[in-house]
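**Student:** Chain order of the listed sequences is Y and A.
Numbered continuously in our numbering, the first sequence closes out at residue 1223.
Numbered continuously in our numbering, the second sequence closes out at residue 292.
If you are wondering where the hints come from, they were derived from the structure by calculation, not from laboratory data.
Any given hint might turn out to be false.
Unchecked claim - To give a feel for the contact side, a few chain A residues facing chain Y, derived at Cβ under 8 Å:
1. S67
2. D210
3. K215
4. V218
5. A223
6. L227
7. H237
8. S240
9. V241
10. D247
11. M258
12. P262
13. M277
14. L278
15. L285
16. R287
Said to hold, decoys possible - With the C-beta cut set under 8 Å, the calculated list includes, among others, these residues of chain Y facing chain A:
17. L1029
18. L1179
19. A1180
20. S1184
21. R1188
22. Q1211
23. S1221
24. I1222
Every residue gets a Cβ at the ideal spot worked out from N, C-alpha and C, and that includes glycine.
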Amino acid sequence: MDEMITVNNVSKNFISRGNSDTLALKGVSFSLEHGETLGIVGESGSGKSTVAKLITGLISPTKGEIRICDNDIQRQKGENPLELYSKIQMVFQNPVESFNPRKTLGYSIGESLRNRGFSASAASTMVAELLEKVGLTAEFATKYPHQVSGGQCQRAAIARALAVEPNILVCDEATSALDVTVQKQIMELLDELRKTRDLSIIFICHNLALVQSFCDRVIVLYDGVIVEQGRPNDIINNPQAEYTKSLVDSIL
Amino acid sequence: MDSLLTYENVEISFEKCPVIHNISFSLHEGEILALVGESGSGKSTLIRSALGLLNDNGKVTGGKISYKGTNLLSLREREMRQIRGAEIGMIFQDAKGSLCPIRTIGDQILESIAAHKNINKADAKSKALELFEKLNFKNPEKLWNSYPFELSGGMNQRAAIAITMLLNPSILLADEPTSALDVAVQKQVVEEILALRELFGSAIIIVTHDISVASAMADTVIVLKDGHMMEYGPAKEILHNPTNDYTKMLLSAVPRLKRRQEIV
Chain Y
972 MDEMITVNNV SKNFISRGNS DTLALKGVSF SLEHGETLGI VGESGSGKST
1022 VAKLITGLIS PTKGEIRICD NDIQRQKGEN PLELYSKIQM VFQNPVESFN
1072 PRKTLGYSIG ESLRNRGFSA SAASTMVAEL LEKVGLTAEF ATKYPHQVSG
1122 GQCQRAAIAR ALAVEPNILV CDEATSALDV TVQKQIMELL DELRKTRDLS
1172 IIFICHNLAL VQSFCDRVIV LYDGVIVEQG RPNDIINNPQ AEYTKSLVDS
1222 IL
Chain A
29 MDSLLTYENV EISFEKCPVI HNISFSLHEG EILALVGESG SGKSTLIRSA
79 LGLLNDNGKV TGGKISYKGT NLLSLREREM RQIRGAEIGM IFQDAKGSLC
129 PIRTIGDQIL ESIAAHKNIN KADAKSKALE LFEKLNFKNP EKLWNSYPFE
179 LSGGMNQRAA IAITMLLNPS ILLADEPTSA LDVAVQKQVV EEILALRELF
229 GSAIIIVTHD ISVASAMADT VIVLKDGHMM EYGPAKEILH NPTNDYTKML
279 LSAVPRLKRR QEIV
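So here's chain Y without its partners, still in its complex pose:
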């Protein structure tokens, strides 16, 4: 099982009534290798988040095939979505909004465990362990999303994603809404997690410098098309595509 994710010639068309359709992705192919951290960069509207939603099964492709750990997610979805979700989990840009505001962090983190048949008490023990793993304390289980800081909430979101012990973590601009100091802490946490757990990571980010320091390989998306991919250092120092050149040039 070397390829964790295989995306084969995938297109996504958003149909909107009254307006022309939006072709968000146009025949995109890439793969995520086992243990790899793959960065996806591109400007707003380039299709980064559409990729994240497709590979996590939140939306389905108009055309093409997506395989997660060698299962076609299209067919998987109807049968047993829990199976898919235990392989791939997502961390979102806005941690506070990604939690149910009326439930405690502990409730939300434990939800997937209870759905998988763990008893409430077993789940809450596991939640406490998870919270400690991401650098929080067990007391955070009783807090509501609005009672904690953005950085703490993002740690809780990472704990929620890790609860089902996924093989793949998709971080969609997971640090973009955070202060640089907090961003650094979250990056250190992710780095530690990928070293200590069997995790492959898709890291979607518009900050090239962050991608350079964290990713093994990077894909540059522009207007729904992959214009370039390779090692971050090669792409930053020797960009081939016009868009990548202008992206690198615009870094202050």
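For this one, chain Y is given, so just place chain A on it according to the hints.
**Tutor:** Quick look at chain A alone, frame taken from chain Y:
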């Protein structure tokens, strides 16, 4: 060179709880001052206080803020309106949100000019289009007739900056003007603000949590933490040789792009 705007031992409180402590600085003609710090450090509060834009439970509870010798804190609302916009302009992070959604950019320009200057519509429009051209807007006439929702985030911010500058204020307060924008657009906006300083000679205070924006623009920098001034001085010194521990920590957290010469 006399200072345009001076803060002297300013303390600001929300519901009697002080959040800004004893801040003093002065802004000179043509100077770009960057206020940097984390969320909640008081950056926005500090510049909003100059224009009386703190919300109801916020008050300046100590010190003095003066503009060209006038104490802004002692002005009545009517007098403050003469300053706001005409003397001290302000732009915000969410440009689209700061513009009226149901009126065209042109309409909003006419309104802001009419509030401060006695000038007919045709003259106001030609003045605006002239500025659009100076700022290299591709299609000034189209921009004039556009609604904010028809423009991208970057174009909205550039339009908001142009609207503010048409009144030719001596000071521009910019509250995170580039934070909601893509890097490529961010660079355009930074360049535009720098071009405006050349054109108008305005002094600018830019609030940003993005150290690279600060270092690309600023002459002087203030580092704020929890409402306290940690460091204040020339941008080059502070951003390259910080002496304060907090500044050092803040700078070390910024991810930097390593270009070829640095990798080797």
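**Student:** Does L227 of chain A meet its interface restraint, that is, does its C-beta lie within less than 8 Å of any C-beta in chain Y?
**Tutor:** violated (21 Å)
**Student:** Given V241 of chain A as an interface hint, is the shortest Cβ-Cβ distance to chain Y below 8 Å?
**Tutor:** Since the shortest Cβ distance to chain Y is 6 Å, the answer is holds.
**Student:** Given S1184 of chain Y as an interface hint, is its Cβ closer than 8 Å to any Cβ of chain A?
**Tutor:** holds (6 Å)
**Student:** Can the hint on L1029 of chain Y be confirmed by a CB-to-CB distance to chain A that is less than 8 Å?
**Tutor:** Status violated, d = 23 Å.
**Student:** Using Cβ atoms only, decide whether R287 of chain A comes closer than 8 Å to chain Y, and label the hint accordingly.
**Tutor:** holds (6 Å)
**Student:** Under 8 Å, Cβ to Cβ, is where A223 of chain A needs to be relative to chain Y, so tell me if that hint holds or is violated.
**Tutor:** violated (16 Å)
**Student:** Have a go at the H237 of chain A hint: is there a Cβ in chain Y nearer than 8 Å to its own Cβ?
**Tutor:** H237 of chain A check passes; min Cβ-Cβ to chain Y is 6 Å, inside 8 Å.
**Student:** Please check whether Q1211 of chain Y passes as an interface residue: C-beta within 8 Å of a C-beta belonging to chain A.
**Tutor:** violated (15 Å)
**Student:** Go through the hint on S1221 of chain Y and say holds or violated, using the shortest Cβ distance to chain A against 8 Å.
**Tutor:** holds (4 Å)
**Student:** Answer holds if the nearest beta-carbon of chain A is closer than 8 Å to that of R1188 of chain Y; otherwise answer violated.
**Tutor:** With a closest approach of 16 Å, the R1188 of chain Y hint is violated.
**Student:** Would the hint on L1179 of chain Y be counted as holding, given a Cβ-Cβ threshold of 8 Å to chain A?
**Tutor:** Constraint on L1179 of chain Y satisfied, holds at 6 Å.
**Student:** Given L285 of chain A as an interface hint, is the shortest Cβ-Cβ distance to chain Y below 8 Å?
**Tutor:** holds (4 Å)
Going down the numbered hints, you'll see the structure goes against 5, 6, 10, 11, 12, 17, 21 and 22, while the others check out.
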